[in-house]
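A.B. asks: Residue-level listing of the chains:
Protein chains: 2
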Amino acid sequence: MNVNILLFSDFETLDAFGPVEVLGRVEKCHLRYFSTNGGLVTSSQGVSIVTDSLENVDFSGILLVPGGQGTRHLINDNTFIKKLSVIALQSQYCLTVCTGSALLAKANLLNGRKATSNKRALEWVRSVNSNVQWISCARWVVDGKFYTSSGVSAGMDMALGFISDRFGIEKATEIAQSIEYIWNSNKDNDLFAK
Amino acid sequence: MNVNILLFSDFETLDAFGPVEVLGRVEKCHLRYFSTNGGLVTSSQGVSIVTDSLENVDFSGILLVPGGQGTRHLINDNTFIKKLSVIALQSQYCLTVCTGSALLAKANLLNGRKATSNKRALEWVRSVNSNVQWISCARWVVDGKFYTSSGVSAGMDMALGFISDRFGIEKATEIAQSIEYIWNSNKDNDLFAK
Numbered sequence: 001m002n003v004n005i006l007l008f009s010d011f012e013t014l015d016a017f018g019p020v021e022v023l024g025r026v027e028k029c030h031l032r033y034f035s036t037n038g039g040l041v042t043s044s045q046g047v048s049i050v051t052d053s054l055e056n057v058d059f060s061g062i063l064l065v066p067g068g069q070g071t072r073h074l075i076n077d078n079t080f081i082k083k084l085s086v087i088a089l090q091s092q093y094c095l096t097v098c099t100g101s102a103l104l105a106k107a108n109l110l111n112g113r114k115a116t117s118n119k120r121a122l123e124w125v126r127s128v129n130s131n132v133q134w135i136s137c138a139r140w141v142v143d144g145k146f147y148t149s150s151g152v153s154a155g156m157d158m159a160l161g162f163i164s165d166r167f168g169i170e171k172a173t174e175i176a177q178s179i180e181y182i183w184n185s186n187k188d189n190d191l192f193a194k
Numbered sequence: 001m002n003v004n005i006l007l008f009s010d011f012e013t014l015d016a017f018g019p020v021e022v023l024g025r026v027e028k029c030h031l032r033y034f035s036t037n038g039g040l041v042t043s044s045q046g047v048s049i050v051t052d053s054l055e056n057v058d059f060s061g062i063l064l065v066p067g068g069q070g071t072r073h074l075i076n077d078n079t080f081i082k083k084l085s086v087i088a089l090q091s092q093y094c095l096t097v098c099t100g101s102a103l104l105a106k107a108n109l110l111n112g113r114k115a116t117s118n119k120r121a122l123e124w125v126r127s128v129n130s131n132v133q134w135i136s137c138a139r140w141v142v143d144g145k146f147y148t149s150s151g152v153s154a155g156m157d158m159a160l161g162f163i164s165d166r167f168g169i170e171k172a173t174e175i176a177q178s179i180e181y182i183w184n185s186n187k188d189n190d191l192f193a194k
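As they're listed, the protein sequences go chains A and B. Letter by letter, the first sequence follows residues 1 to 194 of full-length UniProt numbering. Letter by letter, the second sequence follows residues 1 to 194 of full-length UniProt numbering.
Since no wrong hints were added, every one of them can be taken at face value.
Computed list of lysine-lysine pairs in DSS-like fashion (alpha-carbon distance at most 25 Å, straight line):
{"id": "1", "chain 1": "B", "residue 1": "K194", "chain 2": "A", "residue 2": "K171"}
{"id": "2", "chain 1": "B", "residue 1": "K114", "chain 2": "B", "residue 2": "K83"}
{"id": "3", "chain 1": "A", "residue 1": "K83", "chain 2": "A", "residue 2": "K114"}
{"id": "4", "chain 1": "B", "residue 1": "K171", "chain 2": "A", "residue 2": "K194"}
{"id": "5", "chain 1": "B", "residue 1": "K145", "chain 2": "B", "residue 2": "K114"}
{"id": "6", "chain 1": "B", "residue 1": "K145", "chain 2": "B", "residue 2": "K171"}
Okay, the calculated bits of chain A under chain B, using three or more residues with CB under 8 Å as the criterion:
{"id": "7", "stretch": "16 to 28"}
{"id": "8", "stretch": "35 to 46"}
{"id": "9", "stretch": "112 to 120"}
{"id": "10", "stretch": "139 to 152"}
{"id": "11", "stretch": "174 to 182"}
Listed below are several chain A residues computed to face chain B (Cβ distance under 8 Å; list not exhaustive):
{"id": "12", "residue": "T13"}
{"id": "13", "residue": "L31"}
{"id": "14", "residue": "I49"}
{"id": "15", "residue": "V50"}
{"id": "16", "residue": "L191"}
{"id": "17", "residue": "F192"}
Hints listed in this document are in silico derivations from the structure and should not be mistaken for laboratory results. A virtual CB, placed ideally from N, CA and C, is assigned to each residue, including glycine.
Could you build the full structure based on these sequences and the hints that come with them?
C.D. replies: The following block contains the structure:
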């Protein structure tokens with residue numbers, strides 16, 4: 001299982017590394033960190049990470065897209081959105097955290113589908129593309145190959161939910177136990193919805 | 001507030017970046033990533049991060065020490081342990097996640113103090129230094145300037161607990177809300193103890 005993590009300037013650190021911690025515990029999982037141009041990418045928390053260029057990545061597996069302040073600029077970057085569209089279509093599954101779903105929405109990949117995002121950013125996300133059925137009360141939402149989660153730490157619950165769907169709830173529970181994580185396993189149980 | 005995050009080869013990704021996400025939301029907080037020699041450091045999940053050398057860091061603030069597979073080798077690295085001892089003594093607070101506490105224990109900084117670690121690694125941690133009062137049932141433990149947490153995701157609960165102790169529970173609750181995190185705010189409530 002390839003897990004390709006898309007990083008960009010000012011991504012939110014935990015949006016990426018919460019799911020990475022969870023998905024990385026699946027046997028034979030191969031984690032790769034990439035950005036559109038490769039090289040160093042720095043998160044909103046000042047973590048500078050070495051990334052591969054997307055030209056070198058095999059997108060047959062899972063695509064993970066974090067959110068964060070960087071998404072506010074990226075939705076206006078047509079070159080980025082076009083590249084995202086190509087790699088998301090190649091990917092077997094697309095998982096987004098927080099405002100990562102705004103990027104897929106901008107690429108018209110979620111039109112007519114159900115999706116969610118950070119509850120504090122939902123108005124903005126809705127303004128990016130109103131042809132998405134934005135769900136205002138959900139820890140995470142599954143529609144076809146698209147898994148979209150609420151803000152930041154919800155990404156871990158979603159990643160465990162994804163593992164449960166693919167490999168069984170025992171595997172997801174085992175991983176949650178191994179990282180001593182109290183998993184909110186009900187995707188409809190959203191304590192942060194208004 | 002300086003938060004100095006000590007990284008080393010094969011640290012556990014979420015051990016570091018869970019607390020980073022939380023502590024980074026305190027105003028005027030300055031996050032710095034360093035290693036004993038500086039340069040690139042790669043986590044157990046293959047994340048390669050740019051770090052500063054410890055010579056360039058001001059250790060008057062908070063020291064954050066993650067755990068992970070890398071700690072198993074580091075407890076036998078006398079040069080590393082000596083350097084850790086010097087910087088931990090200079091730091092106002094020392095926060096560890098998972099087996100990060102084994103490193104402080106090896107440096108004899110926790111002798112006579114209460115501390116905890118990952119519940120699956122507790123036997124090993126105990127073997128590193130039996131002069132520590134290892135607590136087998138605690139989400140995190142506070143003893144003087146030392147905050148030690150259980151495994152991986154417990155680091156986020158501890159970081160919020162640290163913020164609650166320093167800046168008030170309202171601040172901690174606000175941060176937990178902003179990252180949509182379900183905070184286990186009771187440090188004695190350990191769902192993963194045997």
